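Asker: Sequences listed follow chains A and B, in order.
Under the numbering used here, read the first sequence as residues 1 to 358, first letter to last.
Under the numbering used here, read the second sequence as residues 1 to 302, first letter to last.
Among the clues, some could well be false.
[Claimed, not checked] Computed list of chain A residues with no C-beta within reach of chain B, every gap over 10 Å:
hint: 1; residue: 149
hint: 2; residue: 230
hint: 3; residue: 276
hint: 4; residue: 355
[As the list claims (entries may be wrong)] Interface residues of chain B toward chain A, partial, derived using beta-carbon atoms under 8 Å:
hint: 5; residue: 2
hint: 6; residue: 6
hint: 7; residue: 9
hint: 8; residue: 104
hint: 9; residue: 107
hint: 10; residue: 131
hint: 11; residue: 215
hint: 12; residue: 253
hint: 13; residue: 254
hint: 14; residue: 256
hint: 15; residue: 259
hint: 16; residue: 261
hint: 17; residue: 264
hint: 18; residue: 266
hint: 19; residue: 270
If you're looking for bench data, these hints aren't it; they were derived computationally from the structure.
Remember, it's a predicted structure, so these values are computed and weren't measured experimentally.
Ideal Cβ placement from N, Cα and C applies to all residues, glycine included.
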Amino acid sequence: MKRRTLLASAALSLALASGAAFAQGDTPKVAFVYVGPVNDGGWSQHHHEAAMKMKEHFGDAIEVIEQESVPEGADAERVLTQMALSGADLIFTTSFGYMDPTINVAAKFPDVKFEHATGYKTAPNVSVYSARFYEGRAVTGYLAGAMTKTNKIGYIGSFPIPEVIRGINSTFIHARKANPDVELSVVWISTWFDPAKEADATQALLDQGADVVLAHTDSTAPLAVLQKAGAYGFGQAADMYEYAPEPRLSSIIDEWSPYYIERVQALIDGTWESTSTWAGIGDGMVGIGEFTGPIPEEALAAATKMKDDIASGAYHPFTGPLNKQDGSAWLAEGEVADDGTLAGMDFYVEGLTTEIPN
Amino acid sequence: MDPVLLVASIMVSATPILLAALGEMVVEKAGVLNLGVEGMMITGAVMGFAVAVGSGSPLLGFAGAALAGAVLSLSFGLLTQYLLSNQVATGLGLTLVGLGLSALIGSSFEGLRAPSLPKLDLPLLGDLPVLGPMLFRHDIMVYVSLALVGAVWAFLKFTRAGLILRAVGENHDSAHALGYRVVHVRLAAIAFGGACAGLGGAYVSLVRVPQWTEGMTAGAGWIALAIVVFASWRAFGVLLGAYLFGGVSVLQLNLQAAGTTVPVELLSMSPYLITIIVLVIISARGVHGAPGSLGRPFHAAA
């Protein structure tokens, strides 16, 4: 019985696909896939909220379906196939690890459109979109450098992908601008979402003498531990304002809803085409949360100026002179990193002492 | 790297799996295989958090978590002991129920803060130079878990009730023929296991993290199940296993934070590797230690 329904819906979607664009009176179906639960307090929750804002904007003109806590890998492919079969017209896959599944499923359903977050592989029916989080990392990194008293800051990394490595480099470069003696310790935990592990990693960094810890994972667990220890941290992906004024000093907020509204509008208008979007503070895709806690006046002014300069384009977080970790030259005085290098970044800048795991 | 801080954080990180594994060991000693540890842990985590937030007392939170874990496990007991359902399938179902139920209950507790459990500063012992901060400045639940290991060991080894429990687990037909109430003994063991798993879960949400996030136990229940096998169903083996698993995971984070170049992957897989090696050694010696009636359904009329 079940198989018959599946076949029926497959046949139906094939029939739909053979018709060129939207038939009149047909409600577009927009789907979202999340890597964590939609109430993780961070990354997935923020995508979900942006999706809900988008739904509110369009009202009954579209239909939204969501699937949360989908593991990256084979499961993702199954979920995406199921969504495409059930008639989704546009599918947002909101985690880096969905990259290959998205490309694979997109090849099987050329008339379904896909939008993959933070990846770099595109296809005629696959767009990629990401935010220049490293711009936000510059600001939080500067604050971390200004606030540390032990000259040691910690960083919790998920996976050694370009996105995370960019964030580490940007954090470190700007922490050094605030305090030339800063050392940065990185702990990789091989997951986006595991509150207990994130908490343990935070504790490990504190035990090693760090007094400011930045996280590139999805839950608020690091802030909960930092609060107990009296150290400082930042909101990641979401504002995490429930931990203000301390330990949360500021935050990097993802603003996805304008992009979602724009893309769904393009779908409705029939103007959707494959694009690569990489937007930052200036475009409003990266938000910097309110500065809170005991940040000294001077650092506050410098961080605010940095944020404004990045937004206006006057300052690029990767401006030379910068060397790679092995001492070889990367950017000359005044030279700015190109997007290609940034998108595939697989090296640390000079001054970082550990190695990137494979 | 400071060994004092390292040992201290190993104790914190090992406590949840120690509690859960200890409970599961008693359940399995009674001949019941309950694979629902993860579900009972996460239920304990959310109920403990909810009660602690509601009452302002973390200790009441732990009591609530133990109660919630026990109640949930008794639903498993009812199904497997009276209705004779398959233990493996029912246990897996229990995990799924626990995960869903906790997400439902917990949705209104996102982003809240729980009252923290104060660290005991034991007089004299806490002032010892190295051992003080290492061993004697933890919260009470760390010591409760350690005391529980001793209590379970003594119970199983020296008491008549412990002997009956083991007899039920080794051969339920013989125990029944001797006049022991197999189902009652097993239900008590299941409830104890549930309460311990609940305590372990609450330790994650009230002390280790401390907050409620959906799915926050993230597989700790499965590790607890592995530890029971690793320990070959002995109380002090469970203690060793829990501290080994907790220790290696904390150690690899600390080594990274200290900037050593040991491959992370190697450290992350080492507890599992050790488990496999231990299992090989155990079976090579020919002593499995598994209770004879483990996982087998019991029906008195048979």
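Asker: According to the definition I'm using, a residue is off the interface if its beta carbon is farther than 10 Å from all beta carbons of the partner; does residue 149/A meet that for chain B?
Answerer: holds, 18 Å
Asker: Holds or violated: the hint that residue 9/B contacts chain A, with Cβ atoms closer than 8 Å.
Answerer: holds, 5 Å
Asker: Does residue 6/B pass the interface check with chain A, least Cβ-Cβ distance below 8 Å?
Answerer: holds, 7 Å
Asker: Grab the minimum C-beta distance from residue 266/B to chain A and call the hint holds if it beats 8 Å, violated otherwise.
Answerer: This hint is violated: residue 266/B lies away from chain A, its Cβ roughly 10 Å from the closest one there, beyond 8 Å.
Asker: How about residue 261/B: closest beta carbon in chain A under 8 Å, or not?
Answerer: holds, 6 Å
Asker: Report holds or violated for the interface hint on residue 131/B, using the least CB-CB distance to chain A and a cut-off of 8 Å.
Answerer: This interface hint is violated because 17 Å lies over the 8 Å limit.
Asker: Against chain A, is residue 253/B within 8 Å by beta-carbon distance?
Answerer: holds, 4 Å
Asker: Minimum Cβ distance from residue 256/B to chain A below 8 Å?
Answerer: holds, 4 Å
Asker: Minimum Cβ separation between residue 276/A and chain B greater than 10 Å?
Answerer: Residue 276/A is indeed farther than 10 Å from all Cβ atoms of chain B, at 32 Å.
Asker: Taking the closest pair, is the beta carbon of residue 230/A still more than 10 Å from chain B?
Answerer: Given a closest Cβ separation of 13 Å, the condition holds.
Asker: Was residue 355/A rightly flagged as not at the interface, with every chain B Cβ beyond 10 Å?
Answerer: The assertion about residue 355/A is violated, with a minimum of 6 Å to chain B.
Asker: Classify the hint on residue 270/B as holds or violated, based on whether any CB of chain A lies nearer than 8 Å to its CB.
Answerer: violated, 14 Å
Comparing the model with each earlier hint shows violations of hints 4, 8, 10, 18, 19; every other hint is respected.
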